[in-house]
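S.K.: Single-letter residue listing:
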Amino acid sequence: MTNEIDRDLFEHLVELAALALDEQEATYLRRELNNQLKAIDELEAIPLDSEVPPASHGVPYPPDIRPPVREDEWVPHPDPDAILEQAPETEGRYVVVPDIPHKELP
Amino acid sequence: MDLYRIPAFQLAGLIRRRDISAVEALDATLDRVQAVDGRPGSLDGPAEPGDDRAVHAFITRTPERARAQAEAVDRQLARGEDPGPLAGVPFTVKDIFCVQGTPSTAGSRILANYVAPYTATPAARMEAAGGVMIGKVNLDEFTYGSSNESSAFQPTPRNPWDLSRVPGGSSGGSAAAVAAGEGALSLGTDTAGSIRQPAAFCGVVGLKPTYGRVSRYGLIAFGSSLDCPGPLARNVTDAALALNAIAGADPRDATAAAVPVPDYTARLEEGIQGMRVGLSPDYLRITFFDAETGTFEEQPIEATIREAVERAAQALADRGAEIVEEVPMPHTRYGIPVYFVISRVEAASNLHRFDGVKYGYRTPEPVPDLREMYRRSRARGFGPQPKLRILMGMYVSAAQYSEQYYNRALRVRTLIRQDFERAFAPDGDHRLDALLTPTTPTTAFPMGAVYGDSVLMQYADQLTVPANHAGVPGLSLPAGFDPHGLPLGIQLLGPDFSEQGLLRLGRAYEMATEDAPWRQRAPFEGLTTDS
Numbered sequence: 001m002t003n004e005i006d007r008d009l010f011e012h013l014v015e016l017a018a019l020a021l022d023e024q025e026a027t028y029l030r031r032e033l034n035n036q037l038k039a040i041d042e043l044e045a046i047p048l049d050s051e052v053p054p055a056s057h058g059v060p061y062p063p064d065i066r067p068p069v070r071e072d073e074w075v076p077h078p079d080p081d082a083i084l085e086q087a088p089e090t091e092g093r094y095v096v097v098p099d100i101p102h103k104e105l106p
Numbered sequence: 001m002d003l004y005r006i007p008a009f010q011l012a013g014l015i016r017r018r019d020i021s022a023v024e025a026l027d028a029t030l031d032r033v034q035a036v037d038g039r040p041g042s043l044d045g046p047a048e049p050g051d052d053r054a055v056h057a058f059i060t061r062t063p064e065r066a067r068a069q070a071e072a073v074d075r076q077l078a079r080g081e082d083p084g085p086l087a088g089v090p091f092t093v094k095d096i097f098c099v100q101g102t103p104s105t106a107g108s109r110i111l112a113n114y115v116a117p118y119t120a121t122p123a124a125r126m127e128a129a130g131g132v133m134i135g136k137v138n139l140d141e142f143t144y145g146s147s148n149e150s151s152a153f154q155p156t157p158r159n160p161w162d163l164s165r166v167p168g169g170s171s172g173g174s175a176a177a178v179a180a181g182e183g184a185l186s187l188g189t190d191t192a193g194s195i196r197q198p199a200a201f202c203g204v205v206g207l208k209p210t211y212g213r214v215s216r217y218g219l220i221a222f223g224s225s226l227d228c229p230g231p232l233a234r235n236v237t238d239a240a241l242a243l244n245a246i247a248g249a250d251p252r253d254a255t256a257a258a259v260p261v262p263d264y265t266a267r268l269e270e271g272i273q274g275m276r277v278g279l280s281p282d283y284l285r286i287t288f289f290d291a292e293t294g295t296f297e298e299q300p301i302e303a304t305i306r307e308a309v310e311r312a313a314q315a316l317a318d319r320g321a322e323i324v325e326e327v328p329m330p331h332t333r334y335g336i337p338v339y340f341v342i343s344r345v346e347a348a349s350n351l352h353r354f355d356g357v358k359y360g361y362r363t364p365e366p367v368p369d370l371r372e373m374y375r376r377s378r379a380r381g382f383g384p385q386p387k388l389r390i391l392m393g394m395y396v397s398a399a400q401y402s403e404q405y406y407n408r409a410l411r412v413r414t415l416i417r418q419d420f421e422r423a424f425a426p427d428g429d430h431r432l433d434a435l436l437t438p439t440t441p442t443t444a445f446p447m448g449a450v451y452g453d454s455v456l457m458q459y460a461d462q463l464t465v466p467a468n469h470a471g472v473p474g475l476s477l478p479a480g481f482d483p484h485g486l487p488l489g490i491q492l493l494g495p496d497f498s499e500q501g502l503l504r505l506g507r508a509y510e511m512a513t514e515d516a517p518w519r520q521r522a523p524f525e526g527l528t529t530d531s
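Chain order of the listed sequences is X and C. Residue numbers for the first sequence follow our numbering, so the first one is 1 and each next one is one higher. Residue numbers for the second sequence follow our numbering, so the first one is 1 and each next one is one higher.
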């Protein structure tokens with residue numbers, strides 16, 4: 001089955017991805033997505049019997065090479081201001097954002 | 001010899017014996033950067049005359065930090081202390097690693113103003129071993145590319161062997177810097193070939209360790225099940241020295257395996273008698289998707305590259321290796337389609353954190369609400385490659401498509417892994433210690449020749465990406481030049497955690513070819529570079 005990402009579906013994906021695109025960029029990206037999808041469709045042709053399990057990563061992690069779970073200890077960062085300074089807008093030690101979309105409850 | 005050209009292991013020896021100082025080594029390297037690199041990449045920098053005559057490996061140079069580190073190394077030596085095995089060795093770091101107090105940009109506008117408040121484990125370990133970081137080098141935006149041209153920081157790096165060509169990517173700045181003599185070592189990352197492919201294009205050694213061999217802590221994540229930090233170097237011994245420094249478990253990365261770290265430099269020259277090295281027809285052809293005809297084309301690898309592999313097999317055989325031909329690796333061709341799915345899902349997930357709230361770019365425009373702030377910040381902050389990956393990742397993992405795409409890709413990944421398991425199985429038909437392949441289907445392509453065609457660009461990784469799916473280690477080695485004077489790369493792939501064997505094979509190949517005329521070449525020969 002070959003799917004195509006049509007304009008409506010594309011716009012839905014753009015919305016989900018929290019992006020905004022101009023027309024030229026949208027045309028380029030949709031074309032590239034559909035070309036990539038054709039390459040991905042090659043996977044359809046591979047015979048896969050039901051015995052083949054999914055691999056979430058390549059190297060198996062048997063217990064003997066898995067690092068032990070570390071203690072859940074609180075470690076203060078030496079310079080939290082260096083982290084806060086990265087925020088585009090702060091007030092005191094709060095990070096400021098624009099209005100959060102919400103509904104007033106009756 | 002000019003100090004900037006001296007390999008890391010020799011340079012560290014000279015410095016530790018106090019034949020030269022770390023500061024002298026640093027100054028020679030900084031002079032070299034000054035002479036060949038031109039201006040560093042920057043946002044919105046219009047092209048300038050002369051941009052095409054320099055390497056442009058860097059985004060951020062850190063000469064003051066480097067000088068402080070070099071002076072500290074010299075002081076330690078003066079006190080009779082050991083600064084470590086990388087004492088005074090200048091190195092660069094791909095700008096996908098956080099290094100405290102430095103801009104850590106990922107080659108993206110969205111992180112252009114981000115100054116990391118902490119240091120990635122591999123970078124910290126290089127410094128702890130005495131290494132001197134001279135700066136952060138350019139890359140494809142968020143590592144998404146194979147040419148380095150997608151970086152938001154322009155001009156992007158050029159291939160030191162031919163400045164009209166790409167250095168490869170995504171660790172293009174790393175490979176270009178090492179090749180051009182701008183630091184003996186560089187830290188890169190490899191998600192589909194991003195260490196090995198630029199290493200091949202730039203004629204240097206690139207090592208993608210086993211997944212889990214090197215901690216990913218402090219790495220700006222792309223494909224979390226695929227990403228591997230590793231070294232780029234001018235020779236195998238230097239790569240082994242760097243791996244010594246960075247490998248090993250890390251309490252801050254649960255995927256960093258608790259596997260002991262041998263001294264990778266210790267047995268490099270023990271010889272390769274009886275080691276079994278395989279050749280596979282599936283790595284001597286490529287399958288790629290032709291967007292114009294909508295069909296898959298199959299082509300043999302370029303003859304000069306195939307011949308380099310055959311010569312290397314002969315050289316290894318002459319030193320006692322057994323060459324095993326016709327090793328089937330039937331799922332190699334599916335590496336790219338599988339990657340188009342898995343890496344996109346992981347990338348989309350990892351890129352949701354960039355939202356203009358806690359760090360990075362936020363739109364300066366007035367916005368009515370938070371949602372609109374996200375949209376405009378991400379629209380302006382991300383370039384086309386991250387956007388493509390987010391959109392594809394969301395599509396193929398959507399509830400109604402994930403069985404067809406994502407789950408299927410994860411199962412084909414199992415088949416790719418099984419190709420390697422069969423080839424390396426100690427009781428199997430082939431019992432390989434390593435598979436010998438080309439690193440890339442072509443040599444370095446001209447700037448602008450492929451960029452924009454996201455499908456064709458991805459296929460540059462066809463011979464490197466299977467190792468990422470399987471998690472196995474891969475070593476790319478320089479193997480001569482094509483008729484245009486462009487470097488050729490060969491690749492050794494081995495079983496999990498077999499870096500020691502791969503490096504020994506690589507060193508044997510180096511020794512077998514050390515008198516070859518091509519080994520005497522250096523970039524910029526005959527070129528006048530203004531400083």
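Because the hints were derived from the structure by calculation, they are not lab data. Predicted model only: the values in this text are computed from it and were never measured. Hints may be right or wrong, so weigh each one.
[Claimed, not checked] Straight line, CA to CA, 20 Å or less: simulated SDA-like cross-link-like pairs of lysine to any residue:
no. : chain 1 : residue 1 : chain 2 : residue 2
1   : X       : 38        : C       : 455
2   : C       : 358       : X       : 80
3   : X       : 38        : C       : 401
4   : X       : 38        : C       : 293
5   : C       : 358       : X       : 9
6   : C       : 358       : X       : 76
7   : X       : 38        : C       : 514
8   : X       : 38        : C       : 376
9   : X       : 38        : C       : 295
10  : C       : 358       : X       : 96
11  : X       : 103       : C       : 368
12  : C       : 358       : X       : 103
13  : X       : 103       : C       : 296
14  : X       : 38        : C       : 404
15  : X       : 38        : C       : 456
16  : C       : 358       : X       : 78
17  : C       : 358       : X       : 84
18  : C       : 358       : X       : 18
19  : X       : 38        : C       : 407
20  : C       : 358       : X       : 94
21  : X       : 38        : C       : 394
22  : C       : 358       : X       : 97
23  : X       : 38        : C       : 294
24  : C       : 358       : X       : 89
25  : X       : 103       : C       : 367
26  : C       : 358       : X       : 86
27  : C       : 358       : C       : 333
28  : C       : 358       : C       : 370
29  : X       : 38        : C       : 298
30  : X       : 38        : C       : 452
31  : C       : 358       : X       : 98
32  : X       : 38        : X       : 9
33  : C       : 358       : X       : 101
34  : C       : 358       : X       : 79
35  : X       : 38        : C       : 372
36  : X       : 38        : C       : 290
37  : C       : 358       : X       : 87
38  : X       : 38        : C       : 296
39  : C       : 358       : X       : 83
S.K.: For every hint, state whether the structure bears it out.
M.R.: Structure-based check of each hint:
Between residue 38 of chain X and residue 455 of chain C, the direct Cα distance comes to roughly 10 Å. Compliance with the 20 Å bound is thereby established for this hinted pair. Proximity of residue 358 of chain C to residue 80 of chain X is assessed by CA-CA distance (about 13 Å); at most 20 Å being required, the pair is judged to hold. Of the supplied pair hints, the one linking residue 38 of chain X and residue 401 of chain C holds, its CA atoms being roughly 15 Å apart against a limit of 20 Å. As the CA atoms of residue 38 of chain X and residue 293 of chain C are separated by approximately 11 Å, the hinted pair is consistent with the 20 Å bound.
For the hint linking residue 358 of chain C to residue 9 of chain X, the alpha-carbon distance of about 30 Å lies beyond 20 Å, and the restraint is violated. Proposed proximity of residue 358 of chain C and residue 76 of chain X is supported: the alpha carbons are some 18 Å apart, at most 20 Å. Pair hint residue 38 of chain X plus residue 514 of chain C does not hold up; C-alpha atoms about 45 Å apart against a cutoff of 20 Å. Among the hinted pairs, residue 38 of chain X with residue 376 of chain C is inconsistent with the structure: their alpha-carbon atoms are about 30 Å apart, more than 20 Å.
This hinted pair checks out: residue 38 of chain X and residue 295 of chain C have alpha carbons roughly 9 Å apart, not beyond 20 Å. Distance restraint check for residue 358 of chain C and residue 96 of chain X: the Cα-Cα separation of roughly 9 Å lies within the 20 Å cut-off, and the hinted pair is therefore satisfied. Restraint check for residue 103 of chain X and residue 368 of chain C: the C-alpha separation of about 15 Å stays at or below 20 Å, so the hint holds. Among the hinted pairs, residue 358 of chain C with residue 103 of chain X is inconsistent with the structure: their alpha-carbon atoms are about 25 Å apart, more than 20 Å.
At roughly 52 Å between alpha-carbon atoms, residue 103 of chain X and residue 296 of chain C are farther apart than 20 Å, so this suggested pair is violated. Proximity of residue 38 of chain X to residue 404 of chain C is assessed by CA-CA distance (about 13 Å); at most 20 Å being required, the pair is judged to hold. Pair hint residue 38 of chain X plus residue 456 of chain C holds up; C-alpha atoms about 12 Å apart against a cutoff of 20 Å. Annotation: proposed proximity of residue 358 of chain C to residue 78 of chain X holds, straight-line Cα distance about 18 Å (limit 20 Å).
The hinted pair formed by residue 358 of chain C and residue 84 of chain X meets the criterion: a straight-line CA distance of about 8 Å does not exceed 20 Å. Proximity of residue 358 of chain C to residue 18 of chain X is assessed by CA-CA distance (about 16 Å); at most 20 Å being required, the pair is judged to hold. For the given pair, residue 38 of chain X sits about 17 Å from residue 407 of chain C by alpha-carbon distance, which is consistent with the 20 Å threshold. The suggested pairing of residue 358 of chain C with residue 94 of chain X holds, with an alpha-carbon distance near 10 Å, which does not exceed 20 Å.
At most 20 Å may separate the alpha-carbon atoms for a hinted pair to count; residue 38 of chain X and residue 394 of chain C meet this at roughly 17 Å. This hinted pair checks out: residue 358 of chain C and residue 97 of chain X have alpha carbons roughly 10 Å apart, not beyond 20 Å. In summary, the hint linking residue 38 of chain X to residue 294 of chain C is supported, as the alpha carbons are separated by about 8 Å, within the 20 Å threshold. Between the alpha carbons of residue 358 of chain C and residue 89 of chain X the distance comes to roughly 9 Å, so the proposed pair stays at or under 20 Å and holds.
A distance of roughly 18 Å separates the Cα atoms of residue 103 of chain X and residue 367 of chain C; the hinted pair therefore holds under the 20 Å criterion. Using a Cα cut-off of 20 Å, the hinted pair residue 358 of chain C and residue 86 of chain X holds, with the two alpha carbons roughly 7 Å apart. Only pairs whose Cα atoms come within 20 Å are accepted, and residue 358 of chain C paired with residue 333 of chain C is rejected, the gap being roughly 41 Å. Only pairs whose Cα atoms come within 20 Å are accepted, and residue 358 of chain C paired with residue 370 of chain C is accepted, the gap being roughly 13 Å.
With a CA separation close to 16 Å, the supplied pair residue 38 of chain X and residue 298 of chain C stays within the 20 Å bound. Taken as a hint, the residue 38 of chain X and residue 452 of chain C pair is honoured in the structure, with Cα atoms around 17 Å apart against an allowance of 20 Å. Among the hinted pairs, residue 358 of chain C with residue 98 of chain X is consistent with the structure: their alpha-carbon atoms are about 13 Å apart, no more than 20 Å. The straight-line distance between the Cα atoms of residue 38 of chain X and residue 9 of chain X is roughly 17 Å, inside the 20 Å bound, and the hint therefore holds.
Taken as a hint, the residue 358 of chain C and residue 101 of chain X pair is honoured in the structure, with Cα atoms around 19 Å apart against an allowance of 20 Å. Distance check on the hinted pair: residue 358 of chain C and residue 79 of chain X sit about 16 Å apart at the alpha-carbon level, within 20 Å; holds. With a CA separation close to 33 Å, the supplied pair residue 38 of chain X and residue 372 of chain C exceeds the 20 Å bound. Straight-line distance between C-alpha atoms of residue 38 of chain X and residue 290 of chain C comes to about 10 Å, which keeps the hinted pair within the 20 Å bound.
Our distance criterion of 20 Å between C-alpha atoms is met by residue 358 of chain C and residue 87 of chain X, whose separation comes to about 4 Å. For the hint pairing residue 38 of chain X with residue 296 of chain C, the CA-to-CA distance comes to about 10 Å; that is within 20 Å, so the pair holds. Among the hinted pairs, residue 358 of chain C with residue 83 of chain X is consistent with the structure: their alpha-carbon atoms are about 8 Å apart, no more than 20 Å.
Taken one by one, the earlier hints fail for this structure at numbers 5, 7, 8, 12, 13, 27, 35, listed in ascending order.
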